[in-house]
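Asker: Turn these sequences into a full structure, and let the hints steer you where they fit.
One-letter residues, chain by chain:
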Amino acid sequence: MSFLFGRARTRTNTLDLSKQAREHVLKLEVPGKGHQVGQLIVFRGPICNGVLLTLLVASPESDSTPDQVYQLVQGLIEEDLLLLLAQHLWRLPFESRKDTQVIFSYVFRFRPPTASPKTDPVALSYVVNNKPQVLLELCRGYEHKESATPAGSVLREVLKSEAAAAIILYDDGEEPGSSLKGVTAIERERPQSGSGVFWRFFDWIDKSSFEVAADAFTTFRELLTKHKDLVPRYLAVNFELFFDRYNHVLVQSNSYVTKRQSIKLLGEILLDRSNYNVMTAYVDRGEHLKICMNLLRDDRKMVQYEGFHVFKVFVANPHKSVAVQKILLMNRDKLLNFLSHFLEDRTDDEQFIDEREFLIKQIRNMPPNPVPPARQMPQGP
Amino acid sequence: MADGAIASHYQVLEELGRGSFGVVYKGIEKATGEVVAIKHIDLESTDDDIQDIQAEISVLSTCASSHVTQYKASFLRGSKLWIVMEYLGGGSCLDLLKPEPSVFSESQIAIICRELLTGLEYLHAEGKIHRDIKAANVLLSETGKVKLADFGVAAQLTNIKSQRNTFVGTPFWMAPEVIQQNGYDYKADLWSLGITAMEMALGEPPHANLHPMKALFQIPKSAPPRLEGSFSKDFKDFISQCLMKEPERRPSAKELLKHRFIRYAGKVEALQELIERRRNYDFTKSKKRSRPVYQETLQTMSTKDEKDEWVFDTVRSVMSRKATVKTRGPSSVFATEDALRRLDLKDGPLQPSSPASGTARRVTSRRQPSLAQMIGTGSVRGPPPAPALRKPLQTDLSFGNSGSSQRLFRRVPSDSSTSGNISWPDSNDVFTNENKTPHAVEANSKEAMLGRRLYSKAVDPALSELHAQTSALAKREALAKLSDAFAALDAVDPEGAYHMMQNLMANMTQDHRLSNAFLQSTTPLKSPDSGTQSGTVIIKSTPKQEVPSPAKLVLASNNPHLESHRRRRGSTAVEGNGSPRKPADREKAALLAKYPGREPQPGMEHSKKITDLVYGAWVNGLRMRWPEL
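Chains as they are written, first to last, in our numbering: chain C, 1307 to 1687; chain D, 897 to 1525.
No lab work stands behind these hints: they were computed from the structure.
Check before you lean on any hint, since a few could be wrong.
What the hints assert, rightly or not - BS3-like, lysine-lysine: derived pairs with alpha carbons at most 27 Å apart:
hint, chain 1, residue 1, chain 2, residue 2
1, C, K1451, D, K1129
2, C, K1451, D, K976
3, C, K1513, D, K1024
4, C, K1607, D, K1024
5, C, K1466, D, K1024
6, D, K1371, C, K1451
7, C, K1607, C, K1596
Unchecked claim - Stretch by stretch, here's where chain D covers chain C in the computed footprint (C-beta under 8 Å, at least three residues):
hint, stretch
8, 1372 to 1384
9, 1482 to 1494
10, 1516 to 1523
Unchecked claim - FRET-style restraints, in silico, Cβ to Cβ:
hint, chain 1, residue 1, chain 2, residue 2, range
11, D, A927, C, F1400, 18 to 28 Å
12, D, K1110, C, R1591, 49 to 59 Å
13, D, H905, C, H1450, 37 to 47 Å
14, C, S1422, D, R1156, 48 to 58 Å
15, D, A960, C, K1424, 31 to 41 Å
16, D, K1150, C, F1400, 50 to 60 Å
17, D, P1116, C, S1422, 39 to 49 Å
18, C, P1399, D, P1116, 39 to 49 Å
All figures in this text were calculated on a predicted structure; none of them were measured in a lab.
Using N, Cα and C, we set each Cβ at its ideal position, and we do this for glycine too.
Answerer: What follows is the structure, encoded as structure tokens:
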């Protein structure tokens, strides 16, 4: 150990260091050696992370030069250390996990001093093009509650890059056109099989403990709201699969938080201008309206309230499909009665009161029989 | 759900206290026998984003220091979030300040400051700022260990109830740079530490005699407070180091740990004396207080009426159902609601004195909280306990982890019905419907219901808000007594409360000065029509004025910070201007009457502009989307 510190202080051969770090992390994998190996990891994990950290973060205390940092980042890439760290994140001890998180964010942000600030950071562009597994492994951090928070915060930072988001959305294992071969190999028009890492999020959000589920949901929301070109296209191609899972796993989850948050996110997705085509396709479906109307009757007021903000999109749509009109007409009297007393104690929510009035007016003024929409909406997004 | 199972790992015991964030219970982790504090936060009672809470929890979960209250776990139970924390039995420093002589000795303060600095050193090294250091947020273990509490979560969770509470409620500890909002860093914590040290030396923070709003202006304007009187030179110097107005000149936690005052501080065990003092104090007060025990709310029984379900099946006839369609609530509730609206207009002057009722974020819906019963009363059907037992505003000091005692009871107002009807004969009905209006059974006359409502919606929130903003001990006590008295009246005779307010109003109208002072603001509302007019004009015209060009709007609506506003403002009621809006306007007028003092508050005026702007953006967006709408 003192040997390692010596290295750190003399700052020679930083490449060696990443090799050593690799060996330390690799030892995590050795099965059967049992307790001793575990001890070693607990012992060395923090140290190698610590050394990496002092070198990486060019602070006055560590006085490492940008060149050395560049070397080290290269070393980390060449030794595949990022993948190892992502895979073994959950096994590391408490403080090491935090260090690893810092290492990741630092490495993914690092640009050589000569590079223009417009270029992608070196490690990120390497990962996106050559090692998508790193990102996929980070997502799998949600499999363990130990790694969920650190992996999640790294992911959310990385997801600011559209390419990184694409890697996660379009992962489809060995399928042709999957992101596994790098971002350029992605075939965006090919519908997803639903077994890629993105689709695992539904389970993580629905089935994990609160801490993991909430973190996974935050990342999920980032994925779906950040990139205004990528996501609408993705949703259009994978419309059926996505909303089927969304409605059945998330919106009707047993977890109060998942349910409430996903209804809210659904409203946000539908009302986002870039998702206009997705929205029109969504509100055409009678099935979707049924789910939504049932939310209005949920036991929990906030679920009712969030449901209302999706319901209003159906009613406000001037080109309601015949299926939607039928359901609304069939329940017209009930709805009018129901809405006039809906969440009445929200007396200081003007916006809500106005919207409720508007919906009542819209429903009241509907023609008695379904009319085919005046302007045929595009079938499908 | 995995989460449901975790809850059974804990045995929940008595209630420790109530905070703005919810209720805190003492509990035992069954596997280890370790005593823990468990916060229950009812997520149903907040409009805010659960994401914020989650973000704060993840920050908290990455803290591991013997000087910071240890976070253990959090999980969901229905709509309640349970946060399990380390239990600290010594109470907060504010609690410990209560018994005479209401100050700590210099040596005790030195110990506490050293421990706090160690905690801050850790947090700051982790890149975290506490932002709310004060005696109420410093907890002691029974052995005298000092820990920072309510880190992050409190700040965040307090925000849920009302932004004002955090910012305006306790500004005495705020660093000048925080108040001036020109950016601040970890140095702000050290200012607050200095103020806390003074609080412990003098019994209250500097400027405590001022209204919090006034203090807010005073702190950046005036010279830093100084410690006067018979204190050592070292202590005085330590304070003046902490209270450097320029953050750059203020030393860091690390540097302050080397200060003479700190270096010679003694062992934490010396603090046990304070805990002992507090125990004696409680004993002499002979408040053998029985605290409510946690009792599980049973699964809400489905109140849904089968006939009430939507019809998605084309075969069934809609018309035949018409007669059986049920409204969602008993009509009596609506009657009250209506009556109350009228009351709001007629008795409008009452509202200005009740700042809390104006909190825009307040969720007016109240649910019957999980049923709590008194320990030791044995028979639940016994007579109601003496009202004096209830201390809605007084801090219950025999425990720790209540979070800040300042905030301890802030949320009680709207929930106060719990404690109020704890031992009411019907209270052992465990199957109480969660959504039932509290007290509906007891208050059967219209007057009584209004009286109840008057208490829970106006009087109690007003008192607790005032209490929370008051820092002087004597004043707090007096307020607490008043609150107790009103609670007693409410429990026994809500109708009386109603009549009292009626008479009060009548008398005030007769006195010309009083009516000028209190009743003036409602004059325009006397005629509903004119009030409606002006209300509409003000509100509806603003967005159009605020919105110069669509280009700018797009920009604004892309701002992530406005996300939630935008969504709420994502109105479909674009053309609602033309629709009949009488009831909404009546509401609006009633609401406006509640807000006369609110406009000038810092932090509030811009939010209105923002919402208007975003609203306007959405109106335009929708027009572009569906022009023929």
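Asker: Decide, hint by hint, whether the structure agrees.
Answerer: Hints versus structure:
For the suggested pair K1451(C) and K1129(D), the alpha carbons sit about 51 Å apart, so the restraint of at most 27 Å is broken. This hinted pair checks out: K1451(C) and K976(D) have alpha carbons roughly 20 Å apart, not beyond 27 Å. Distance restraint check for K1513(C) and K1024(D): the Cα-Cα separation of roughly 31 Å exceeds the 27 Å cut-off, and the hinted pair is therefore not satisfied. Restraint check for K1607(C) and K1024(D): the C-alpha separation of about 35 Å exceeds 27 Å, so the hint is violated.
Pair hint K1466(C) plus K1024(D) holds up; C-alpha atoms about 23 Å apart against a cutoff of 27 Å. Restraint check: the Cα-Cα separation between K1371(D) and K1451(C) comes to about 48 Å, which exceeds 27 Å; the hinted pair is violated. At roughly 18 Å between alpha-carbon atoms, K1607(C) and K1596(C) fall within 27 Å of each other, so this suggested pair holds. Look at the stretch 1372 to 1384 of chain C against chain D: 0 of its residues bring a Cβ nearer than 8 Å to a Cβ of that chain, fewer than three, so the hint is violated.
Counting residues of the stretch 1482 to 1494 of chain C whose CB lies closer than 8 Å to any CB of chain D gives 0, so the stated coverage by that chain is violated, three being the minimum. Coverage of the stretch 1516 to 1523 of chain C by chain D holds in this model, with 5 residues showing a Cβ closer than 8 Å to a Cβ of that chain against a need of three. Here the CB-CB span from A927(D) to F1400(C) is close to 20 Å, well matched to the stated 18 to 28 Å. Remark: the range hint 49 to 59 Å for K1110(D) to R1591(C) is upheld by a beta-carbon distance near 58 Å.
Checked against the hint of 37 to 47 Å, the C-beta distance between H905(D) and H1450(C) comes to roughly 19 Å, which is inconsistent with it. Between S1422(C) and R1156(D), the C-beta spacing of about 52 Å keeps the proposed range 48 to 58 Å intact. Our hint of 31 to 41 Å for A960(D) and K1424(C) holds, since their Cβ atoms are close to 40 Å apart. Our hint of 50 to 60 Å for K1150(D) and F1400(C) is violated, since their Cβ atoms are close to 23 Å apart.
Distance hint check for P1116(D) and S1422(C): the Cβ-Cβ separation is about 42 Å, which falls inside the suggested range of 39 to 49 Å. Between P1399(C) and P1116(D) the C-beta distance comes to about 44 Å, which sits within the given range of 39 to 49 Å.
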